[in-house]
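**Student:** Got chain A sorted already, so can you dock chain B onto it with the hints?
For reference, the chains in residue letters:
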Amino acid sequence: MSGPISLSKLALGQQAVLRSFPPAGAAFLRLREMGLLPGTRLILVRQAPLGDPLEIEVRGYRLSLRRAEAECILVDPDSPS
Amino acid sequence: MNASSAVSKTVGGPPGRAPVYALVGNPNCGKSTLFNALTGLKQKVGNYPGVTVEKKVGTAYSQHGQPMPVIDLPGAYSLAARSPDEAVTRDMLLGRRLDTAAPDRILCIVDASNLERNLYLVHQILDLGRPVIVVLNMMDLAAKAGVRIKVERLEKELGIPVIPCEAAHGRGLIELKLAMSRPDLPLPRHRWDIPSPIAPAVSELQASLLENDRKAPLSARAEALLLLTDQDSVRVAGSTPLSSRTTDILQSWKVRWEGQGVDWAATLVASRYDAIARLCADVLERGTPEQEGASLSDRIDGVVTHPVWGWLVLGGLMGALFLSIFTLAEYPMTWIDDHIAQAADAVKAAMPPGDLRDLITDGAIAGVGGVLIFLPQILILFFFIGLLESTGYMARAAFIMDRLMSRVGLNGKSFIPLLSSYACAIPGIMATRTIEDAKDRLVTILVAPLMSCSARLPVYLLMIAALVPGDTIPVGTKVGLMLLMYALGTSAAFGFAWLFKRTLLKGEPPLMIMELPPYRLPRVRDVILQMVERGGLFLRRAGTLILGISIVLWFLSTYPKAPEGATAQAQMAHSFAGQAGQLIEPVIRPLGFDWQIGIGLIASFAAREVFVSTMGVVFNAQSDADDTAPLRQALASARWPDGAPLFTPLVCLTLMIFYVFAMQCVSTIAVVRRETNSWRWPLFQLAYMTGTAWVVCFAVASIGRLLGY
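Order-wise, the sequence lines are chains A and B. Take the first sequence: its letter number 43 is residue 30 in our numbering, and every next letter is one higher. Take the second sequence: its letter number 184 is residue 216 in our numbering, and every next letter is one higher.
Only chain A is shown next, with the shape it has when bound in the complex (with noise of 0.2 Å):
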């Protein structure tokens, strides 16, 4: 098993499980009420047709955010079986 990466890492239709967030920042605490928190599975569904921004799968709801933002995230993938 490979060490977490960043969620920009993630291949399209990967799954993985939420490990850090950087430690301030109001795009993150707002990211925090939108469900996504450490511990949390997520699935990167799509990319938009410019590769940014990008949709994710949480808690059974679609959410997009920008690469520049999911940089920031680290996520354990599970590992492809």
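Read the hints as simulated data drawn from the structure, not as lab findings. Hints are supplied without guarantee of correctness; some may be wrong.
[Stated by the list, open to error] Between beta-carbon pairs, the in silico distance windows are: (1) B:LEU531 x A:ARG28: 40 to 46 Å; (2) B:ARG552 x A:ILE(-8): 52 to 58 Å; (3) A:SER(-7) x B:ALA248: 41 to 47 Å; (4) B:ALA326 x A:ARG28: 17 to 23 Å; (5) B:LEU210 x A:ALA(-2): 47 to 53 Å; (6) A:SER(-7) x B:GLU184: 41 to 47 Å.
[Said to hold, decoys possible] To list a few chain A residues with every Cβ distance to chain B over 10 Å, as calculated: (7) PRO(-9); (8) ILE(-8); (9) ALA(-2); (10) GLN1; (11) GLN2; (12) VAL4; (13) SER51; (14) GLU58; (15) ASP65.
Remember, it's a predicted structure, so these values are computed and weren't measured experimentally. For glycine and all other residues, C-beta sits at the position ideal for the given N, C-alpha and C.
**Tutor:** Below, chain B without anything else, positioned relative to chain A:
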């Protein structure tokens, strides 16, 4: 310890009047559908004083015909506000607004198919210490997704009524109204543990809020909790500030935690979600969804956000939107024009000639026409926007366009308002209400009038006609010049957006945290209701201002009266507008314009297309929109006092460029005044746009002269 200490106190309505309900919920959970279903057409739409957040109030009736007032609060994901809309919801629920009393009871609507995240807001609201009814909307969608909710268990855990419902199909409304009309409702019983590093701070803040800010005991606790997650970035007018003692306590705790490395806000959010997870484990049963594999929404998204098809769909929809604003609106606009003219003629026939008659026909009736003429475009645009929003496509358009808009520091949500501004900046500016971030919204409003609107077309066409010698204009020249004007305006809009985001309205790093709701069939009734409301708001709020300014402009071009028997041409030169034209000549002379063009510039401040008719009066040419030939000849023979031709090709080009940039539209100013709630921004807009127009025109005129044109 999840649901202990049963504080099952009951609270009756306030004596002597029916309890006021506030309807709250996440965006996309069917809140407006429920509001419309509860209150029908008995709604009042306005603004909260000082902010441009829509205030909707309606009345629902109990089974016994008792009225129950309902305030529809703006959709919010959390009480820790990130937009003016959310700030109003927060302030209303906490009783911070001076203009509107806090609601007595709260109706909290949640999307049953997305319960976990929706419960976050509910969880914050339960803390408020007010009677709450939870409405589980979209039960049908939840069932389809294989989610079963044990309603009675949830009721027991929270200690308050929980009403399952399908607002879109009118199911569950009777049960909801029965619950709402109960004389007393229990207070929420749900308790959760505040994480230990934070608990002492909450107690201390709560005590201070009780003592120094005179808050009620339970709402003081809720507010203390909220202060710890609130970024305080969103303050809106009309909200009472906290006492300095409370802010000092808050600040000292933050400093202490920072030293200890405690992330207090994150801890609080996490402990709320822990409590929600425990709750969901009790009340949620996940079965298998009705259909296996990719959902319908996913399959639609496969096309709509596809690297190739996505652009085609977007282009097709926007083309349809643009065409319908342009062409479909033309029929009602012509109809309005004709009837306004008929009304004016009728008055002219019925009244003796005189100033009063002119005031009524040329001032008031023309002014009313100038307001009504915008309605078809506004209604069509909002119908489309409503459709796109209620189906869920709007979020996809923002998703696709975000990358491009982010180049100038905006986000995808500015795309539709800017595109609409090609037809008319007024509906475009009104459409910026969907942009949550206040600064992004303001930047979009500031640059929207630079997109070449349809009112500029008559000016462009006249100038192109005057520019090209001979009777027929080569199509290539015409199209080329038009495209040049559109390109100039568009690049200026993006350039200024970039500039404003970097200087004047420098904000937080751009954000695009947006829910992509599943596609749904549009609710046409809700869409039409919203469209009519927008039209009504425009008439009431901006219409009156536009009418007033139109009458003033009429006055300026009519008085003082020229001596008896003077021609219309002489009267125009004699009027205040004519005098003002002469007054501004020194300023516009460097651009190659004389005082007669100056009159046109001043008069067309009412609306850009007025330039054409004013030129008709000033140069004494009979012309109408369909046939500009007489006016073209009159312009061609216009001369400076020294005999040099006035409308040289260079001057025509410069004039067109002037109209690309200059803020020549009182209606836009009126709408910006209404949408930003101050005169500061429309005046700034007037200054920067007209200033840019002058500088660019001066550069073009100077270079042109140097090159010998």
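**Student:** Run through the hints listed earlier and report the numbers of any the structure violates, in increasing order.
**Tutor:** Hint check: 2, 13 fail, others pass.
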